[in-house]
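*Asks:* Generate coordinates for the entire structure from the input sequences, incorporating the hints supplied.
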Amino acid sequence: MRAVLRWALPLAALPPLALLGFGLTRDVKTLPSALIGVQAPEFRLESMYDASDSISLADHRGRVVVLNYFASWCLPCIVEHPELVRLRADYDPDDVTLLGVLYQDVPENGRAFMRRHGGEWPSVVDYDSRMAIRYGVYGAPETFLISPRGRIAYKLVGPLDAHTAPVFRAKLDSLLAIGDPGAEGHERLESAPSPPP
Amino acid sequence: MSGATRHGGAGRRRKGPWAHRRDPPGSRPLVTPAALFATAVLVLAGSLDAALPSPGPTPRQAAPQDSATPPPDTAAPATPSPGSVADRRDAELDALTAEVAGRFRCLVCRGQSVAESSSQLAREMQREIRERLGHGETPEHIEAFFVDSYGEWILLRPPARGVNLLVYLLPAAAFVVGLAIVGWVVRARRPSEPIPESSPAPDLPDDALDPEDRAWLERAIRGDR
Numbered sequence: 025m026r027a028v029l030r031w032a033l034p035l036a037a038l039p040p041l042a043l044l045g046f047g048l049t050r051d052v053k054t055l056p057s058a059l060i061g062v063q064a065p066e067f068r069l070e071s072m073y074d075a076s077d078s079i080s081l082a083d084h085r086g087r088v089v090v091l092n093y094f095a096s097w098c099l100p101c102i103v104e105h106p107e108l109v110r111l112r113a114d115y116d117p118d119d120v121t122l123l124g125v126l127y128q129d130v131p132e133n134g135r136a137f138m139r140r141h142g143g144e145w146p147s148v149v150d151y152d153s154r155m156a157i158r159y160g161v162y163g164a165p166e167t168f169l170i171s172p173r174g175r176i177a178y179k180l181v182g183p184l185d186a187h188t189a190p191v192f193r194a195k196l197d198s199l200l201a202i203g204d205p206g207a208e209g210h211e212r213l214e215s216a217p218s219p220p221p
Numbered sequence: 322m323s324g325a326t327r328h329g330g331a332g333r334r335r336k337g338p339w340a341h342r343r344d345p346p347g348s349r350p351l352v353t354p355a356a357l358f359a360t361a362v363l364v365l366a367g368s369l370d371a372a373l374p375s376p377g378p379t380p381r382q383a384a385p386q387d388s389a390t391p392p393p394d395t396a397a398p399a400t401p402s403p404g405s406v407a408d409r410r411d412a413e414l415d416a417l418t419a420e421v422a423g424r425f426r427c428l429v430c431r432g433q434s435v436a437e438s439s440s441q442l443a444r445e446m447q448r449e450i451r452e453r454l455g456h457g458e459t460p461e462h463i464e465a466f467f468v469d470s471y472g473e474w475i476l477l478r479p480p481a482r483g484v485n486l487l488v489y490l491l492p493a494a495a496f497v498v499g500l501a502i503v504g505w506v507v508r509a510r511r512p513s514e515p516i517p518e519s520s521p522a523p524d525l526p527d528d529a530l531d532p533e534d535r536a537w538l539e540r541a542i543r544g545d546r
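For the protein sequence lines, the chains are Z and D, in the order given.
Note that the numbering used here has the first sequence beginning at 25, numbered continuously upward.
Note that the numbering used here has the second sequence beginning at 322, numbered continuously upward.
Treat the hints as calculated values from the structure; they're not laboratory data.
Values in this document were obtained by computation on a predicted structure and should not be read as measured data.
Idealized CB from N, CA, C, for every residue including glycine.
Take the hints with a grain of salt, since some may be wrong.
Here are some chain D residues the structure puts well away from chain Z; computed CB gaps all over 12 Å [unchecked claim]:
id : residue
1  : S405
2  : A416
3  : G423
4  : R424
5  : S434
6  : A494
Taking CB as the label site, the calculated pair distances span [claimed, not checked]:
id : chain 1 : residue 1 : chain 2 : residue 2 : range
7  : Z       : P39       : D       : P480      : 18 to 26 Å
8  : D       : C430      : Z       : D118      : 36 to 44 Å
9  : D       : V429      : Z       : A75       : 21 to 29 Å
10 : D       : R535      : Z       : L35       : 39 to 47 Å
11 : D       : C430      : Z       : V191      : 38 to 46 Å
*Replies:* Here is the structure:
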């Protein structure tokens, strides 16, 4: 009996320790996304610069879309902003579209943010976080990489910084290397059953 | 510590609950396998009942709706137009929204559901849920919508399948294993045969103990004070 207990007690401690070890070795910055590989939800939202104008995801079919959720009240958004400016400068706008989504903020503040920190790219206003909920957004900043076919290829939770930007750029480059099916090919692919990501 | 207290302590231990048992050797253990099995079945049934989704609203789920929809005569003091159909529908929708929002994890806080949180995102999710319910969507559709966007992580009560089963079964299994270990320990510590009231002092080698200690030990074994 004592021999059994001598083995049973340490053995009983093993599963909780294994779970603890598993939990401690996860990357806390990695949040699960249910949307990787699925078709990005379509949207048509008011432009941040002109309330009478609207921008849709479909407008940018055939290009890689970098969809960046930001807000003027968000400090990490200020941290990542220079990286977005560089990204915008480094890639051909015909290949890559940088699209801002103003999150839980008003357009005036969003415009002031862009004036203060520089850079200029199309941005939309996500009133009531309706689009954010469809995109599974936790908070700003979050950046989605959407393939020319409109699939969500990657999602970064948190700012693009010295650690995350190289990974993000590598994903972007690989997405560009896969090739752009083009507008016509895109139409065809849209109606066909979607291949696995 | 004085010898008297040690003696008393030893005496109490000898005259403890086991010493007076008259059961023959090999009698029923304190924790029988049957009792263990029954406990395990009860615990597992309880956790599975909590885990498995029910096809329709359970009585517990339906309760908030019922309680939030008072009969017209009792609603009179609270609402300006008592018994009005629109008010009752609003109250029902509010209650159902709260119930459905209670299933989701608040994304920007800790340990709160969407129904409990006052964060902006949670309030916007509540509005989304209310709108969808108003359009006739079922709570299950809404759950599927949020799971599509955020993954099963958003559910405070994940469905009991696959790896999720661990969440429901491990506590019950740990309880049963713990109970078994306690049972073993208790049985192992118990003397296998009842101690006769007047047992002779065991034979000890003469040089094992000081004469003084030996005398104390013999008195203790006899139960003299």
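*Asks:* A separate judgement is required for each hint: does it hold in the structure or not?
*Replies:* Verification of the hints:
1. S405: Answer for S405 of chain D: holds, closest chain Z Cβ roughly 28 Å.
2. A416: 22 Å, holds
3. G423: Correct as stated: the minimum Cβ-Cβ distance to chain Z is 17 Å, above 12 Å.
4. R424: The claim stands: R424 of chain D keeps its Cβ more than 12 Å from every Cβ of chain Z (closest is about 15 Å).
5. S434: 16 Å, holds
6. A494: 9 Å, violated
7. Z:P39 to D:P480: 18 to 26 Å: Holds: the Cβ-Cβ distance is about 22 Å, inside 18 to 26 Å.
8. D:C430 to Z:D118: 36 to 44 Å: Distance hint for C430 of chain D, D118 of chain Z holds at roughly 42 Å.
9. D:V429 to Z:A75: 21 to 29 Å: Once the Cβ atoms are compared, 28 Å apart, the range 21 to 29 Å for A75 of chain Z and V429 of chain D holds.
10. D:R535 to Z:L35: 39 to 47 Å: Between R535 of chain D and L35 of chain Z, where Cβ atoms are some 42 Å apart, the hint holds.
11. D:C430 to Z:V191: 38 to 46 Å: 28 Å, violated
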